[in-house]
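A.B. asks: Spelled out from the first residue to the last, the chains are:
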Amino acid sequence: AQSVTQLGSHVSVSEGALVLLRCNYSSSVPPYLFWYVQYPNQGLQLLLKYTSAATLVKGINGFEAEFKKSETSFHLTKPSAHMSDAAEYFCAVYTGTASKLTFGTGTRLQVTL
Amino acid sequence: SQTIHQWPATLVQPVGSPLSLECTVEGTSNPNLYWYRQAAGRGLQLLFYSVGIGQISSEVPQNLSASRPQDRQFILSSKKLLLSDSGFYLCAWSRGLGETQYFGPGTRLLVL
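Chains W and D, in that order, give the protein sequences.
For the first sequence, this note's numbering assigns the number 1 to the initial residue and increments by one for each residue that follows.
For the second sequence, this note's numbering assigns the number 1 to the initial residue and increments by one for each residue that follows.
Derived by calculation from the structure, the hints in this document are not laboratory data.
The structure displayed is predicted, hence computed values, not measured ones.
The reader is advised that the hints may include incorrect statements.
For lysine to aspartate or glutamate, the following DMTMM-like pairs were computed, each having C-alpha atoms within a straight-line distance of at most 20 Å [to be verified]:
hint, chain 1, residue 1, chain 2, residue 2
1, W, Lys58, D, Glu99
2, W, Lys58, D, Glu22
3, W, Lys100, D, Glu59
Model the full structure from these sequences, guided by the hints.
C.D. replies: This is how it looks when you write it as structure tokens:
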């Protein structure tokens with residue numbers, strides 16, 4: 001079975017501070033991992049994905065994530081938060097044992113001045 | 001390039017009325033298609049997916065049904081809406097199972 005856990009349903013950071021959104025996955029086979037962003041009243045947009053190539057994946061808008069097999073983690077980071085980063089972020093996993101992506105419950109990022 | 005459309009953007013319906021939400025994809029052929037529901041304060045729930053015309057897989061038993069009458073058209077329906085059907089409905093497509101899913105703009109449904 002495949003699953004993802006996003007720690008922290010709400011995260012608040014100051015503008016210019018480091019953004020760290022946590023995602024841990026459960027899988028018995030090598031996974032594909034995704035991060036999506038959702039702005040209010042919009043669909044989801046792909047930020048980045050890991051498909052067994054480089055463990056450090058760079059995405060759009062300055063975000064990146066590192067696949068750590070030993071920790072079963074795929075945390076999303078950005079060195080300096082911007083007000084426009086305020087949104088909801090979803091981690092997702094695919095392993096081939098299920099015919100679908102499995103999404104986490106999401107983390108809402110708030111950026112304050 | 002590929003685009004995905006959903007309509008309507010918003011919908012307010014009385015309890016017991018029928019529902020039809022439409023999703024179409026342009027710029028690709030034989031996509032996998034998905035319907036998700038996002039209830040307030042909750043994550044994404046996969047409702048249906050389709051790997052081809054007339055092929056529908058249901059993920060959870062519910063008051064809804066889906067159909068795929070054409071290669072790039074996916075319809076979500078209900079004969080009688082319930083209050084619990086309120087939510088944000090998202091359609092998505094992918095080239096294959098496990099590949100990146102691309103989402104439409106969503107339909108916000110309020111059942112009163």
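A.B. asks: Checking against the hints above, which ones are violated?
C.D. replies: Of the numbered hints given earlier, the structure breaks just one, which is hint 2.
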